[in-house]
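Could you put together the complete structure from these sequences and hints?
Listed here are the chains, written in short residue letters.
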Amino acid sequence: MKAPPLCPNIAANVHAHRAKKEYLEPLGLPAERPADWRAKALDKFRELLHERRSLSLYMDVCVRCGACADKCPFFLGTGDPNNMPVARAELFRKVYRRYFTAAGKLAGRLATAEDLTDDVLDQWFTYFYQCSECRRCAVFCPFGVDTAEITMAAREIMASIGVAPKYTTEVIRKANEIGNNLGIPLAAWKDSAEFLEQELKEQTGKDIKMPVDQEGAEVLLVPPSADMFANADTMMGYAKLFYAVGVNWTTSTYASEAGNFGLFLNYEQLQKINRRIVDAARNLRVKRLIIGECGHAWRAAQAFTDTLNGPLHFLQKPCPEHICEFAARLIRGGWLKLDKSANDGVTVTYHDPCNLARGGGLIDEPREILRAVVNDFREMPADTIREKTFCCGGGGGLLTEELMQTRMNGAKPRVEAFRTTGADLLATPCAICKAQFPEVFKHYGVDARVVGVMDLLAKAIVI
Amino acid sequence: MPTLTLAGKEFDVDEDGFIQDATKWDDSIATALAEQEGIKVLTDEHWKVIRYLRDYFQKFGSAPMIRKVTKDTGLPLKRIYELFPTGPAKGACKLAGLPKPTGCI
Numbered sequence: 001m002k003a004p005p006l007c008p009n010i011a012a013n014v015h016a017h018r019a020k021k022e023y024l025e026p027l028g029l030p031a032e033r034p035a036d037w038r039a040k041a042l043d044k045f046r047e048l049l050h051e052r053r054s055l056s057l058y059m060d061v062c063v064r065c066g067a068c069a070d071k072c073p074f075f076l077g078t079g080d081p082n083n084m085p086v087a088r089a090e091l092f093r094k095v096y097r098r099y100f101t102a103a104g105k106l107a108g109r110l111a112t113a114e115d116l117t118d119d120v121l122d123q124w125f126t127y128f129y130q131c132s133e134c135r136r137c138a139v140f141c142p143f144g145v146d147t148a149e150i151t152m153a154a155r156e157i158m159a160s161i162g163v164a165p166k167y168t169t170e171v172i173r174k175a176n177e178i179g180n181n182l183g184i185p186l187a188a189w190k191d192s193a194e195f196l197e198q199e200l201k202e203q204t205g206k207d208i209k210m211p212v213d214q215e216g217a218e219v220l221l222v223p224p225s226a227d228m229f230a231n232a233d234t235m236m237g238y239a240k241l242f243y244a245v246g247v248n249w250t251t252s253t254y255a256s257e258a259g260n261f262g263l264f265l266n267y268e269q270l271q272k273i274n275r276r277i278v279d280a281a282r283n284l285r286v287k288r289l290i291i292g293e294c295g296h297a298w299r300a301a302q303a304f305t306d307t308l309n310g311p312l313h314f315l316q317k318p319c320p321e322h323i324c325e326f327a328a329r330l331i332r333g334g335w336l337k338l339d340k341s342a343n344d345g346v347t348v349t350y351h352d353p354c355n356l357a358r359g360g361g362l363i364d365e366p367r368e369i370l371r372a373v374v375n376d377f378r379e380m381p382a383d384t385i386r387e388k389t390f391c392c393g394g395g396g397g398l399l400t401e402e403l404m405q406t407r408m409n410g411a412k413p414r415v416e417a418f419r420t421t422g423a424d425l426l427a428t429p430c431a432i433c434k435a436q437f438p439e440v441f442k443h444y445g446v447d448a449r450v451v452g453v454m455d456l457l458a459k460a461i462v463i
Numbered sequence: 001m002p003t004l005t006l007a008g009k010e011f012d013v014d015e016d017g018f019i020q021d022a023t024k025w026d027d028s029i030a031t032a033l034a035e036q037e038g039i040k041v042l043t044d045e046h047w048k049v050i051r052y053l054r055d056y057f058q059k060f061g062s063a064p065m066i067r068k069v070t071k072d073t074g075l076p077l078k079r080i081y082e083l084f085p086t087g088p089a090k091g092a093c094k095l096a097g098l099p100k101p102t103g104c105i
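First to last, the sequence lines map onto chains U and L. Be aware that the first sequence starts at 1, since it is given in my numbering, and climbs by one per residue. Be aware that the second sequence starts at 1, since it is given in my numbering, and climbs by one per residue.
Hints may contain errors.
Said to hold, decoys possible - Calculated pairs, EDC-like style, for lysine to aspartate or glutamate (alpha carbon to alpha carbon, straight line, at most 20 Å): (1) L:LYS48 x L:GLU35; (2) L:LYS90 x U:GLU401; (3) U:LYS442 x L:GLU37; (4) U:LYS201 x L:ASP72; (5) L:LYS71 x U:ASP191; (6) U:LYS20 x L:GLU15; (7) L:LYS100 x U:GLU401; (8) L:LYS78 x U:ASP424; (9) L:LYS100 x U:GLU177; (10) L:LYS100 x U:GLU22; (11) U:LYS166 x L:ASP12; (12) U:LYS20 x L:ASP21; (13) L:LYS100 x L:ASP26; (14) U:LYS166 x L:ASP14; (15) U:LYS190 x L:ASP55; (16) U:LYS442 x L:GLU82; (17) U:LYS20 x L:ASP12; (18) U:LYS166 x L:GLU15; (19) L:LYS59 x U:ASP191; (20) L:LYS78 x U:GLU439; (21) U:LYS21 x L:ASP14; (22) L:LYS100 x U:GLU439; (23) U:LYS21 x L:GLU15; (24) U:LYS20 x L:ASP14; (25) U:LYS166 x L:ASP21; (26) L:LYS90 x L:ASP55; (27) U:LYS21 x L:ASP12; (28) U:LYS166 x L:ASP16; (29) U:LYS442 x U:ASP424; (30) L:LYS71 x U:GLU199.
Unchecked claim - Some but not every residue of chain U turned toward chain L, in silico, with C-beta under 10 Å: (31) HIS17; (32) ALA175; (33) PRO224; (34) MET228; (35) MET235; (36) GLY394; (37) LEU399; (38) LYS434.
These aren't lab readings, by the way, just hints derived from the structure by calculation. Because the structure is a prediction, the values reported are computed rather than measured. In this text, a Cβ means the ideal position worked out from N, Cα and C, and glycines have one as well.
Here it is in structure tokens:
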């Protein structure tokens, strides 16, 4: 996609709702910004620079070459210079220089350093919540700077002084108190599972189980809770897949959420939410852990579980395994009887969720599945898929109403790529992408449906 | 917290206009909120969805799975979107006085 003309500050007035006391306190965050907020924020800044060598390196290594500038979907969609990854990071680096470099301490503005003022903090809150942490910029940076790490650090510093979005903190509170992002209580989870068993019976005539809290099952499947609310076909897809190969599995009502919004807020919550999954696996005495169709869940579980709450010696490898890896392995081994024609009549393309493709190395398996179950499968242009995939526009904690303008702008490059395929069905294994694309398609006047990879696989499985 | 006057009474609402205390809900609230959602008249079909959501919420403490709403009310999803333009998890839940479902939806 061609770079848009520069429109300074065009996105400056799109903000997330700020979290109030009732969402901050349960997360151990200050109920309001303390009087000495600047000192506290700088303490946190110092702590992160010390703990994260990568962050410290990213502060100094950028040469402002601009290779990242036109790679960010939010810059391409808005033209706001502060949405260029290099400029977004500059909002952070100028504060770094002011307080943590000799030149900045002595020369201030002359050394392009700036005080951490109310205005700067407001800018941080605006623009670090117009970044979906998709990390596309990092693919193109010749120095390997991962600007998403800078976004994450800025958000963590803000959270430490009680500046956080309502959406993320509300969702984390529910994950901590109820076990999932949507806040589906135990009885409703069981009721939904039973309902889907009846649906499966009607569709297939078979007694396909949707087990809940079953101790001693072989596999613990942790789906995004959105699958048990909005993506019924994905949820039934998991059940049909396990049924087809005779694997005894279960979901957990303690860890009924694969997604980990801690990734969008701070390390403490990332660890806490991740721990629920490890504890559930241990308490249910399962042998294997499989993660459902959720992008950032995979990044959090695959990249961080061992460090945060591991090692997971009590589980069999590969651990954790993504449901697409599991299914692709079964297809390769010839364990599934598939009828591709079940998915005839539609043209399918695949959207790589950022956190699967860039964040979790899961690129070929979903394609292997789709090629095995769909006759008419097409790819989007090469510079928009795999590691170079464009964000759906709703990841990273942006999937909230008040950021709709940002979300639609950020989706623009993805929609342009989608249109080139002529597809009428977009398959993607991520709950956020699945929620975002119907809004995007409506906004851009695209007549297409959105499904999970499991949805199409399940249709083709012959049992 | 913002407040909203509905049917002559004052309610705490969130930024998106969802009433905060589900126990204060009655039929007149749904009627008053309909206008905000671009719904002119609440028909029997609207009430069928609203009552279903209310009952489920009172029994289980959360909004029901969307597939279950369509199955149990007999109204296809497309029809529910015609009735409640912002959908079952937003407009319909708002009128039924449920908290806004948030998460990856």
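### Query
Okay, which hints does this one fail, numbers in order?
none
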